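Chemist: These protein sequences, in sequence, are chains A and B.
Numbered according to this note's numbering, the first sequence spans residues 1 to 134.
Numbered according to this note's numbering, the second sequence spans residues 135 to 213.
For the record, the hints were derived by calculation from the structure and aren't laboratory data.
Take these hints with a grain of salt, some might be off.
Not close to chain A: a few residues of chain B, all C-beta gaps over 12 Å, as computed [unchecked claim]:
| # | residue |
| --- | --- |
| 1 | 176 |
| 2 | 181 |
| 3 | 189 |
With beta-carbon atoms standing in for the labels, derived distance ranges [what the hints assert, rightly or not]:
| # | chain 1 | residue 1 | chain 2 | residue 2 | range |
| --- | --- | --- | --- | --- | --- |
| 4 | A | 106 | B | 180 | 38 to 46 Å |
| 5 | A | 15 | B | 209 | 19 to 27 Å |
| 6 | B | 182 | A | 108 | 26 to 34 Å |
Values in this document were obtained by computation on a predicted structure and should not be read as measured data.
C-beta atoms are modelled at their ideal positions from N, C-alpha and C, and glycine is treated no differently.
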Amino acid sequence: MYAVFVAVLSVLISLIVLLVYGGGHSVALLYGASVGILSFVSTAFTVSLLTGRSTSVGMMVGGASFAARMGFATVALGVPAYLDLWPVVIMLAGFASVYLAENVLLVPVLLGKSRASIGGAQPASERIERRTEV
Amino acid sequence: MIHSMSYTSFREGGMGSDHGRFIGVGVAFIFIIAALTGVGYVLDNLLGTLPLFLLLGIAGGFAASLYYVYVQLKKLGGS
Numbered sequence: 001m002y003a004v005f006v007a008v009l010s011v012l013i014s015l016i017v018l019l020v021y022g023g024g025h026s027v028a029l030l031y032g033a034s035v036g037i038l039s040f041v042s043t044a045f046t047v048s049l050l051t052g053r054s055t056s057v058g059m060m061v062g063g064a065s066f067a068a069r070m071g072f073a074t075v076a077l078g079v080p081a082y083l084d085l086w087p088v089v090i091m092l093a094g095f096a097s098v099y100l101a102e103n104v105l106l107v108p109v110l111l112g113k114s115r116a117s118i119g120g121a122q123p124a125s126e127r128i129e130r131r132t133e134v
Numbered sequence: 135m136i137h138s139m140s141y142t143s144f145r146e147g148g149m150g151s152d153h154g155r156f157i158g159v160g161v162a163f164i165f166i167i168a169a170l171t172g173v174g175y176v177l178d179n180l181l182g183t184l185p186l187f188l189l190l191g192i193a194g195g196f197a198a199s200l201y202y203v204y205v206q207l208k209k210l211g212g213s
């Protein structure tokens, strides 16, 4: 859901960049953001695969997916940079901003969840003490 | 006898069976990316659009292979 939100956001931003800076910058930003989203979704897939698995299998899948993700990002960002297709900095900015946006979106959710899990133990001042006399 | 025992342990899903499947999934993962990248490169050479389809092939191959690994490991996990 967050990946879709970030994808829509990146399209909107690239439209603004298209109006301000022109086509090349816009395509570079959109491409960088697309690579970032794919990379981020692969992280989410890996995490969902690792839940409930043994440590050795988890380490294998985690290590392999990490290497594959890094390889993909290197090739997908490296080829346009090597061929000098479009501005490299704005492409990298699109890639990095996906991670930034996902973190900004996800941190409040994670904080809420952790607060809810801690919230089970209420502070002593808010606890109601019930005593019965036998 | 030894042959039949190892065959049985393979069929029953022992350690060797899992490793074999993981290696197969890993090889397929690389093959899907390489195949789609290759198709993209050939298309680019035919149409003269280098590197449009090459980049699409890399991204599409990564996404497709990721989905493949996800489905296969879900099956292996039994869920």
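Chemist: Looking back at the hints listed earlier, which ones does the structure fail to meet?
Modeler: 3, 5 and 6
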